[in-house]
Amino acid sequence: MSAWTFLVEHRGEIFVTTAEHLALVLVAMLIAILIGVPLGLLIVHRPVLRTIAVGVANVFQTIPSLALFGFLIPMPFIGGIGKRTAIVALVLYALLPILRNTYVGLTEIDPAVLESAEAMGMTRSQILFRVRLPLASAFILAGIRTATIITIGVATIAAAIGAGGLGTFIFRGVALVSNGLLLAGAIPAALLALAADFLLGIIERRLRVS
Amino acid sequence: MAAPEADGNSIEFQDVSVRAGTSAMREIVSDVTLRIAGGETLVLLGRSGSGKTSLLKLINGLLIPSKGKILVKQKATTDWDRIELRRGIGYVIQEAGLFPHFTVAENVGLVPWLEGWPRPQIEARVGEMLRLVGLAPDEFGARRPRELSGGQRQRVGVARALAGDPPILLMDEPFGALDPVTRAELQREFRALAKQLRKTIVFVTHDLREALLLASRIVLLKAGRIVASAPRDEFLQLEHEEVRAFGASLSNQAGEPA
Chain H
1 MSAWTFLVEH RGEIFVTTAE HLALVLVAML IAILIGVPLG LLIVHRPVLR TIAVGVANVF
61 QTIPSLALFG FLIPMPFIGG IGKRTAIVAL VLYALLPILR NTYVGLTEID PAVLESAEAM
121 GMTRSQILFR VRLPLASAFI LAGIRTATII TIGVATIAAA IGAGGLGTFI FRGVALVSNG
181 LLLAGAIPAA LLALAADFLL GIIERRLRVS
Chain U
1001 MAAPEADGNS IEFQDVSVRA GTSAMREIVS DVTLRIAGGE TLVLLGRSGS GKTSLLKLIN
1061 GLLIPSKGKI LVKQKATTDW DRIELRRGIG YVIQEAGLFP HFTVAENVGL VPWLEGWPRP
1121 QIEARVGEML RLVGLAPDEF GARRPRELSG GQRQRVGVAR ALAGDPPILL MDEPFGALDP
1181 VTRAELQREF RALAKQLRKT IVFVTHDLRE ALLLASRIVL LKAGRIVASA PRDEFLQLEH
1241 EEVRAFGASL SNQAGEPA
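Chains H and U are the protein sequences, given in the same order. Heads up, the first sequence is in the numbering used here, so the first residue is 1 and it goes up one at a time. Heads up, the second sequence is in the numbering used here, so the first residue is 1001 and it goes up one at a time.
Just so you know, these hints were derived from the structure itself, not from any lab. One or more hints might be untrue.
To be verified - Residues of chain H clear of chain U, computed beta-carbon distances all greater than 10 Å: (1) Ala3; (2) His10; (3) Leu41; (4) Arg46; (5) Phe77; (6) Lys83; (7) Arg84; (8) Thr107; (9) Glu115; (10) Pro134; (11) Leu135; (12) Asn179; (13) Ala193; (14) Gly201; (15) Arg205.
To be verified - Covered stretches of chain U, as calculated for chain H (at least 3 residues, CB under 8 Å): (16) 1098 to 1105; (17) 1108 to 1114; (18) 1211 to 1218.
Here the structure is a predicted model, which is why all the values come from computation and not from measurement. The beta-carbon is built from N, C-alpha and C at its ideal position, and this holds for glycine as well.
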C-alpha cells in the first residue's frame, strides 16, 4: 500500500489527531503567554530576578524534550501520564522565547520616547500600557510565533507519554517502519507549523511600527 | 517684560549638587545656585558633559538632587506631586521623542488627553497648536512621526510641549540634530513664538550663536558648575576663559566650540 493511499484512507483519523495536536499546542501556548509576558514585564527593572528567570527558562530549553517528558512523569501534581504532563513540558519549552522577546521588546524602546513620556507627566502604568507594551507588541508576538512553532514540533514527542496528538502516528510509523504512518504525523505537523508561522507573521507585521 | 503674575512661574536652584549613579561618586552638578525669573528665556550654555541637561532634568524631577533643592513656582520639586509638576512643564528634546505609534494629532494632544479634556476641546487645541508651529492640521494631523522630516518632527515636539499650556517650557538642544538651514528657520520662528507666549523658558545648547539669538540671559556651565552668567548683550564682554573659548567659536565657520 502506497503512503498516499494510506493518507487518503485514514484522513478522518488524521484530521481528529491534528485537532487534538492543535488543542495541546493552543492550551500550552495560552499558559506560556500568561506566564511569560507578565514575567517579562516584571524582570525589566529587576536584574536579579531577570538573571534567575532567564537562566531557568534557558535550562529548560537545553533539556532534550524526550528527557523532559520523562523527568516529569514521576512528579507529583504536574506529572504522570497524559495530556497534563505534556502541557507542563510544552509550557516550559515555550516560555523562553516569549519571556526573552517581551523583555527585549520592552528594553529596546527608544530612550527619548520613554523620557518624553515621563516628562509629559504620564504615570508608570500609563507608560506601561500606552507606550511600552504597544511599542513592544511586535517583539512579543515574534516571541510567541517562535514559541508556537517550537511547541508544534515538540508536541509530537508528547505522544511518548500518552498525550496523543500527531506524534502517535510518528511513533507507530517508526515502530512499524511505515512511511504512510510517519507521513500521517509529519505532514500535518509541518503544515500546522507553516500555517502558524504565516498567520502570526501577518499579525506581527501589522503591529510593527518602524 | 514679564507680566507680574508670571513671576509666580519662577524656578530657583538653591545650592544644588547631583551625584551620578550610586556607586560613582562623581558630581555631575556642583553647588548650583540660580534664579530663573518668570517669563524669562534663560539659555544654559556649555560643552558636552557640562551638566546643562542635568540642570534641566532637575526642574521636572527626572533627576533628584543629592544636595540642595529646586523650587518650581516657589515649591520644592520633592514636595510636588511629580505627575502634576510635569504636566505643568513642557519638555522638548533633541530627537523630539514623539510616540511612533501615535499620529501627529495624538502626539500633540497627549497632555490634554492625560488631563482628561473632552474630545472636541482636545481636537481644537491640537489644530491650534499645529498651526502655531506652522503645520497644517489637515495635512499633518493623521500622519505618523516617521512620515515627517526632522524639522517637522521638531515642530510637532514643540506643539506637544505647548498643548497643555504649561507656564514653563524646557528645551534640550531641540534644534541640534537639524540641518543648518532648517535649524536657522526654526530658531527664528521659535524666537518669535517665545516673545508671543511669554513663558518661562529654559533652553539648553552648546551653540553660542543659538544662545545669543534666543536668550534674554545666558548662563555658562563648565564641569557641573556655573562659571558665568549675564544678560545676552553683556555676555561676550565677560572676562572668563570659557566665555572667550565660546566667543572664539563664533568666528569658526561651523559655529560650534572646538
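Against the structure, the hints:
no.	hint	result
1	Ala3	holds (49 Å)
2	His10	holds (48 Å)
3	Leu41	holds (18 Å)
4	Arg46	holds (16 Å)
5	Phe77	holds (42 Å)
6	Lys83	holds (39 Å)
7	Arg84	holds (39 Å)
8	Thr107	holds (16 Å)
9	Glu115	violated (6 Å)
10	Pro134	violated (5 Å)
11	Leu135	violated (6 Å)
12	Asn179	holds (50 Å)
13	Ala193	holds (30 Å)
14	Gly201	holds (20 Å)
15	Arg205	holds (14 Å)
16	1098 to 1105	holds (count 4)
17	1108 to 1114	holds (count 3)
18	1211 to 1218	violated (count 0)
When each numbered hint is compared with the structure, violations occur for hints 9, 10, 11 and 18.
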